[in-house]
Structures are given as structure tokens and as C-alpha cells.
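Q: The primary structure of each chain is shown beneath.
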Amino acid sequence: MRKGAWVALLGGRFSLLLILLLMGLLFGQADRHFLTVSNAVNVLLQASPLLLAAIGQTIVIISGGLDISVASNVALSSVISASAASAYGPLAGIAAGIGTGAAVGTVNGVLVSHYRIQPVIVTIAMLTFARGLAFELTDGFPITGLPRSYTQLAWGKWFGVPMPILIAGVILLLVVFVMGRTRFGTYLYAIGSNEEAARLVGIRTVPLKAAAYTAAGALAGMAAVIYTAQASSGQPTLANGLELSTIAASVMGGASIGGGTGTPIGTLLGTLIISVLGNGMNIAGVTPYVQQVVLGTAIILAVVWDRLHISLVQAARRKGEPASQ
Amino acid sequence: MGVPVLDMRGISKRFPGVLALDHVDFNVSAGEVHCLLGHNGAGKSTLMKVLSGVYAADEGEIRIDGKSVTPRNPAHARQLGIRTVFQELSLVPALSVAENIFLERLPGRSAWVDRRQMFKAVREILKSLDIDVRPEEPVYRLSLATQQLIEIARAIAFRARVLIMDEPTASLSSRETETLFRIIRRLKAEGVAVVYISHRLEEIQSIGDRITVMRDGRNVGTLRVEQASTDTVVELMLGRRLEEQYPAPVGRRGEPVLSVRDLSLAGAYEGVSFDLYHQEILGITGQVGAGVHELAHSLFGHGPRPRGEIRIGGARLPHSPRAAIRFGMGFIPEDRRNAGLVLKHAIRENMALPSLRLRAAYGWLKLGEERRKMTELAQAVGLRMTSLEQPIGLLSGGNQQKVVVAKWLANRSRILLFAEPTRGVDVGSRAEIYRLIAEQVAGGASAILFSSDLEEVVGMCDRILVMRRGRIVGELGRGAREDQLLALAVGRADSGGGP
Amino acid sequence: MKERGNAGAWYRWEAWGGFLFLAVACLIVGLLKPRFLSPANLLTIAQQASPLLIAAVAQAFVVMAGEIDLSLGSAAAVISMVAVMSAKSLGTVPGILMGLLTGASLGFLNGIVVTRLRVPAFIATVGMLTYAQGIALYLGGGVPIEFPPPSFAWPGQGFLGPLPAVTVIAAMVLIFVHLVLTRTVFGRHLRATGGNRLVALLSGVHVQRVRLAAFVLSGTFTGLSAIVLASRVNSGQPYLYPSLPFEAIAALAVGGISLRGGEGTVRQILLGVLIFSAMSNALNFFAISSYVQQMITGAMTVLALLFSRWQGLPRAKEGG
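Chains as they are written, first to last, in the numbering used here: chain F, 1 to 325; chain U, 1001 to 1499; chain D, 2001 to 2320.
Because the hints were derived from the structure by calculation, they are not lab data.
Accuracy of the hints is not assured; some may be wrong.
[Claimed, not checked] So the derived list for chain F, only partly shown, Cβ under 8 angstroms to chain U, looks like this: (1) Y189; (2) S193; (3) G258; (4) T261; (5) G278.
Yeah, the Cβ is synthetic: ideal placement off N, Cα and C, and Gly gets one too.
Isolated chain F (complex conformation) (with noise of 0.2 angstroms):
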């Protein structure tokens, strides 16, 4: 953690911890069941593979992009993985499903790094194919037939802690430690900021780029071998609308569209926030329609409120600048 960081983390997203407690608080009212261990347990077993997914996202966020194939990344990760650990083993099927996704991110890190076309239209472009190649491989059918080693990543516990959480926190110390201490970390800032600037320096912007989306394609792929253990099997339809809750989460947790901010603790709180909704508002018995529209609407304000914040920095820049004497 860098200097001040704890400060800027409890500054910056007080706001978002408020927001947890009060809907933690919330549903507490509603239903007695929510403030439970397990149901906590419930709701990070949940949030895991999402943070993955989000962190991912964040990565590319930061870069000054966006990836809107996430889902069907997820999905077809999934059916490879699937196929993989049913034919060649679990190693074989974690390794092929983090493979496949790091692939798929790569194509769209090519092509928008150094094709140059807009991310939007890239990824909106890798999703139906991803997603059109993971129907193919399995004609729509889930594949089932996983080993049990496969699923014990979803059920099993190390150190009483469950295997995804476990995956996602370490995941998620990883992440913070390259983005907040590596070169890779401070040139992506850098490039997503400023990218001219960043040039100017000296940093190859393009293969950097390109392997912000490699990295949240393998995150993506790390999400979808998650998903498939919790699920036993590998499922073409996976993870219909994680593009939202992913790029909500990484709004939520601080990340400009536009790029050059965002942090992985914040895309963290996000996520939670997301699955805290989710999971209250199944509690309480919300329909998952009337969910959706929830979502929807709460990363519209996300974004509203984070270009909010953008337009007082600015103004805020411009009054504190010495008026021209």
C-alpha cells in the first residue's frame, strides 16, 4: 500500500463502505436470515469469481479501455475448461480454461491496441463470436462429467477458508501489488491517462495495451474455472450480463471511463456492494426482473456520479489556477 492510500482508500470510498453497512443494515431489518455467517459466506462464495471478473475489467479500465466480451469470454472459458478437465484431468482444465481466456483477451488487445479499433466495437465483436463458439462446441448443451478434484475448487476449504474466496483474495493482493508497485502497473496508469505523455517517455504503449486485456482475460478464464466448479459443468450460457456487473463494480470502486484511475480494493468494494443487492434482494424476495432493473439502473448512477465528481475536480482545478495577474 502506498503512503496515504489507507487514507485516500477510507476518504475516497467511505462512501461505498457507508453504502455496505446501510444495505447490510437494510436487509438485516428485512429478513433475520441475512446477517448470518453463513449467508456472509453465501455472499463472497458469490462474489468471487464476479471480483475476478471486475478486477480484470478494472485492469482494462485503467488502460483506457473497456471489455464488454467478458460474459462470453466466461462462457466459452468455461466449455473449454470443462471439456478439458473431463478429458485430460483438473490441471488440465484449469490450465485450459485461464488459457482460453487470456487468448480471447489478447485478440481484442491486438486489435485494439495495435489495429487501433474502438475497444467498444472490438470486444462488442469478440462477444458474439465467443459466445456463438461456445454454443458451437457444445450444440447449447452444459458439459458435464467434471472430475471431483475439478469441483472441489468451488466446495473445498483450505484452512476453513472456501477455495474461491481464498483464490479471489490472493488474486486480488496480486493484482493490487503489480498495479500499485510494478512498472506494468504505473506505465498502465500512465497510458491510460496520458497516453501521449506516456510515449513521449518512452513506455510502448501498444504491446501495454494489448496486455491489459490479456491480463483481464486470464482473470476472466480464472472467473469461468470458478463458475464451472460451482456449477459442475461447463455451461454455454454462463454469466449472461457480467459485462454490467463489471464494469458497475469498477465505477463503483472508482474507475473513470476514460481511463488512467481505478484500484483493485475499490473494484473489491464494488463488487461486494453488487453482490450484497444481489443477495438482499433475493432474500427479501425481489424478482430477478425487477433485479435487473436495479442494476441498471445503479450503474447509470455510477457513472453519472463519477462524472459528477470529474466536472468539481475540474472546476475546482480551474479556480485554484493563479488568474493572470
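We have chain F; now place chains U and D onto it with these hints.
A: Same frame as chain F, now just chains U and D:
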């Protein structure tokens, strides 16, 4: 004095149609501040771009500490110890001060950044430079002036042999300028060679050792600061360009058509008041950072809303380009390619854009009339093209500018705002654009020329306002001389203005 | 003079070369599978292409304004539900009008979020996608709404003489849009806004209003597309046509529209949709699954954009 740190000999650089640098000699010794002066287009920035590896010289030799070098690209130039403080900021807003300073060479082994070492080093650098900022502070929170200082800190964080500063005080207050000068004096003591580009003579007098003046791509004189009176420098800068043909003045002046009262915009200009008269060509000039372009945009209702008021024919002008156009204004912006033309659209479409409603009934265009009118206008402004349907991006700068002017002629605009109308325009087209302006004014329009090209301002304008640091500092009539303008714009060293 | 003649010919080749390509490709398919070129099949292609064509027009309005609309699919679902519901209670014509109105309202909402709240279009419309999908499911309780009045089937299934009604509707839409784009002040303002927003602003275009109008028009045409689709299946479907926005974008890209805003002609939209629909149809002849067709949709979008870059046209140089 020994071997100069930087020695440029016989540097020439040719661009299509122009000889930008013509056998320029330029050298700086250790611990010397060598000031470089000259108009826009005189060749100073081209010379510095050759030095910093942006352009390759066609002829000539560059020596650093006596060794011949050829900067291949900016990164290579930096390795050679040549560092530039850019005029437009090149910092990364999202990163901290420390990360920005060290961005090109982050400390630490392998992939990891040694943040502790970085912060420590930066804290020392900032302290030694007397810049009061925390290394952890993100740059977007800093004022522009502080960002400028960070930019300088970045340039000297790694041992620089040659430091190029391009108008470093443009956005600094007098106190910050003092800080900057202290930094420069310390660098001098350490034996760094400083190239200092500025138009502020009083600054040059207080910090410089030698002055070189450039004009038309040549070094027209290098002298010691003590010998350089304002008059000598101004004389060197002006010289005589290839005789430009300016149209004869219209010479009439009617009622005021546009009145500006106490217009202010934070960080750009302050307390600006003036009138524009019927059939007048008014010039507004000033050096970089004087607020001239910001004023032009404000008059046209673009950008942040200024305080104060603008009246046209007695009515108060609302703040929007649409209102300005409705009140009869037309704007030829300084950034033609990004603000004046939709480059991927055809000439006809661009030219017709502001005046579509004049040739439409209930929203339906009369295409025949449009084609006729645009053909007519294209001939009137002397546009050279193969077809009106040609994409405009393929035209030359001068022809593009004629299209921008024609846009407003088609709309019968009566008040034309020209911002740098001949920047990037070849000599031939330049005369044609001057003729166009004069014709319009003779036909009953009024014009304001927002221009930093003094010769053009003197040649074209009935009346000239000079701006310095956001304020109007003088008004001159026809027959004004360029040296008078220049002295006002840069602030006479002996007049005591400025820091 | 000779030079100008050449330039003219070149422009015409750019304009119609794509159709030549389409014709040759169709001939080749026809040689392999003669039934592909039978009048009945060509009619089927026309019928299938029509709703997509209307949706592509909807997408084109926002794309030309320099934006994008990813909510087309679920917006169409809501519209189909609303239209069928209203048709059942109020009659076919009010049902259709309600559908168009719903489309326009959803577009208006997108437009307000994008222009007033300054949310980037792809985010706003992805939000709308989820939002509208929720409403579509909510309206029917998760199941389709069926049995509209018999006359509701006409737009999607009826015939006008030898021609399918959908195709006639689509053709009328094309003519209307062509006139709007080439003959109206609004069309020019739309192109200028998408081409360079700053230039448009400094030329007196009411940029915000034009962008909003683009979304409203897009919503309205999405409404029309949804109505003919609902009419074809005689029901309002909560999952009417999820891939609609992607196919529409693919069609625009294939037609040669840059997707960076400010350009596009009705001819290009038509070409893109025809290539797309003819290809889908041809793939059916070769018994290639709809999944592969979906993959091709994605791949074609990117390939078309790469291709137009390689062509080195002035348009392509602009991008980047």
C-alpha cells in the same frame, strides 16, 4: 571558456516548400543561459526539435562536450543528456508527482518499483528546488503553475547536460518565476547548459547570459545580454520578411457594432473592454499565453462562460456559438483541422454547414441552390480543387482555410473573427486570404484579427490592441510599427512591468 | 477534365462495387446450390433481411451521430411485449402506435442519459439493455404474450401483391431515411455532429439536440423493427432477438461505414444488410449451424473494419 557543452554548426532543415533552418550555428557553454528569440515560424522550435531528436537535420553537426552526436529520437536525445521542458504539459494527471518525475526510469530492480527510494529521491529533489509539494500528491490536483515546476523537476531529476526551456514562465506567477530563476541559477552553478526560449525581455535581462535572435530560419545575431538593449533585439527580430502585399485599407469607420465591457475569464484574461466599429479591421495581438485565443473563443460563445458583457447592436449577446452566429458573427478558429473543418466530409458539405437554413424550406434543403451557391463561393475565394465533392482533408492548408472563410461568407456574417488566419498557410494563399478579409470589410463587414504575427497585424489592421498576461496593455492606430507592438507585448525591460 | 471523369468513375466504383461483389458471391453460391437463387428463396432473403434492415437504420442514426446503441435487442423485446399487450386490449393500430411510442421513449431515455448526464453511450445503453430486459420479463411474468388480434400478423407475414409487406415497409424506411440524410438540414447536422462535434458546435449546430434526436429516431425505428418481428411470430417475446444490436453493427461495418461517426449512406446500410442476410441464408444451405453464423457475425465486424482501413481510402485514414 573552453569547449562549449552544446555546439550546433551549420544546421539546415528543409520541409516541403520551406527552408525551415538555413545553416544555423548555435552554441551554449557550461553554466551559461543562452536565450533564443524570434517570431513564430522563425525557426526556434524547429532548431530545438532537431536538438531533441524529433526531427533529423538535413545538414550540419551537433556536438555535445566536443563529441559529435546525432539524436535519433527523443529517448536517445535524453540519453545524451538533452532534456526539454515542454510548453504544453506532458505530465500524467493520474500519477503521483514522484511517479511522474521518474516515469521514464522507475527505480528498483526487475518489475518492481522501489517506491521508498523513489519517494525519498523525489522529496530531496523537490526540497532542493524549493517546490512545496508532497511526492505522493496526484498531479491532477496541482495547479497548472505547480505542474510546470514539476515538469522542470522531471527534466533535471536525471543529470542533464543541456536543458531546453520553452516559454517556461508562460503560466507562472512572479513568485513562482522567482523560484524558477533560483533553480536555473543553481543549474548554472552545476555547469548545465541552458537554452531559454522566451519573449519576455525583462526575464531575459535578469537570467540570460547571451541572446540569439532567429529570423526566417537563420541566426541573425548572437550578442551578450549587456549589449542587448530592447531596441537592438527588436530590430534584429523584425528585420524585413519577403515583402508581403497587403490590400489598401478601407479607411472608413462607422458606428460601433460590437462592444466588449470588462470581460474576464479566470486563468485566461481579465478586464478586457473594447469596441469594434463598422467596417473596421481590429487587430488583437500578444505573445503565447497572453490570452488572445481564449478571448477569441469567448467572443464567439465557446468555452467557459466569462464574466462581463458583450453587446452587438445594443443587445446583449448570450454565451453560445449559436447565438453568436445568429447575431451575425463568424469564427475562423486557430486550430483549423480540429475546430474548423470536418476533414472526412466533402468541400461542399463543410462550406454549407453554418448557412444550411438560408437555403432550406421547412428543413428541406434546396440542393441545386446549394451547389450553385457553393460553386460561386469557391470561385470567389479562389479555391483550387478538382471537385466540390472532394474530401476536404486532401486540400492544402491555404485552400482549407479559404473553405473555412467561405463558410461564413455563405452565411453573410457581418462580424468576422479571424484567429491566426494565415498559420500554416503558404505565401500565395496568404495574400489571397488578406484580400478576402479586405473585400469583406469593404463590403460592409467588420473583422477582428487575433494574431501573433505582428507584421500581418500591422499590415492589415486599422487599430491594434496589444495583450500581455491577460490584459490589454496598449492600443495603436494605423501606422503603428512592429517594434512598438513587440515592446508592448513582451514588456519593456526598462518599463518595470512584470516580475 | 479527363481527370475529373476518372474521379467520378472511381467514386461510382466505390459506391457500387460492393453490390457487384454481392452479386458474384450469390452466383457462386447459386452454382453450388441452385435452389439458393430460386425466386422463392430470394423472396425469403428479402423477408428475413427486412427487420434487420430497419434495425440497422436505427443503429445507423446513433452511429452517424458518433454514438452507439447496444440496447436494441432488449428494447425490441419490451416493445414487442407492449405492442402485443396493447393490440390485445386496444386493437392492432393502437398497438402498433404504442410500440413505436415505447421505442421512441426508450430512445429518449438513452439520449437524455447520454447527452444530459454525460454517460458514455456504450455504458448508458448497456445499462438500458439490462433495464429493458428486466421490464420485458416483468411485463409478461417471464413468458411471451400471445394471441394478438389476427390483423396484427399483417406487417410481418402479409403480402402487398407479390411482395412481402415487411419488405415494402423496409423499402419505405430506406427511402425516407435516404431523404432525411441527404435532403434535410437535420441530416447534415447529424453528419457534422458525428464527424467532428467541435466543428459542428462552432458552426452553429445544436449538438445536444441533434444527439438526442438521433437516439429518439433510433428508438422509433427499433420500435418498427420490433413490431414486424413480433408480428412475424405473432407474439411479444421477452427474448425477441438478443443479437439484434450486434448484427446491426456488423451489417453497418460490412456495408463500409466506419463506426467512428459522421458518415454512412443508405446504400451502405442496404449493402451491409444484404450481404449479411444472404450469407446467413446461404450458410443454411450448407447446413452450418446458427452458432457458427453468430461467430461469423463477430468476425465479419472486425474484418470489415480492418479491410476498409487497408483500402487506404481517405475515410479509413481518418480513423485512429
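Q: Can the hint on T261 of chain F be confirmed by a CB-to-CB distance to chain U that is less than 8 angstroms?
A: This interface hint holds because 5 angstroms falls under the 8 angstroms limit.
Q: For the restraint on G278 of chain F, tell me whether the closest CB of chain U is nearer than 8 angstroms.
A: violated (31 angstroms)
Q: Can we keep the S193 of chain F interface hint, with Cβ of chain U closer than 8 angstroms?
A: Constraint on S193 of chain F satisfied, holds at 4 angstroms.
Q: Is the interface hint satisfied for Y189 of chain F? The criterion is a beta-carbon contact with chain U at less than 8 angstroms.
A: holds (5 angstroms)
Q: Regarding the hint that G258 of chain F lies at the interface with chain U, is the smallest CB-CB distance below 8 angstroms?
A: violated (10 angstroms)
Comparing the model with each numbered hint stated earlier shows that hints 3, 5 do not hold.
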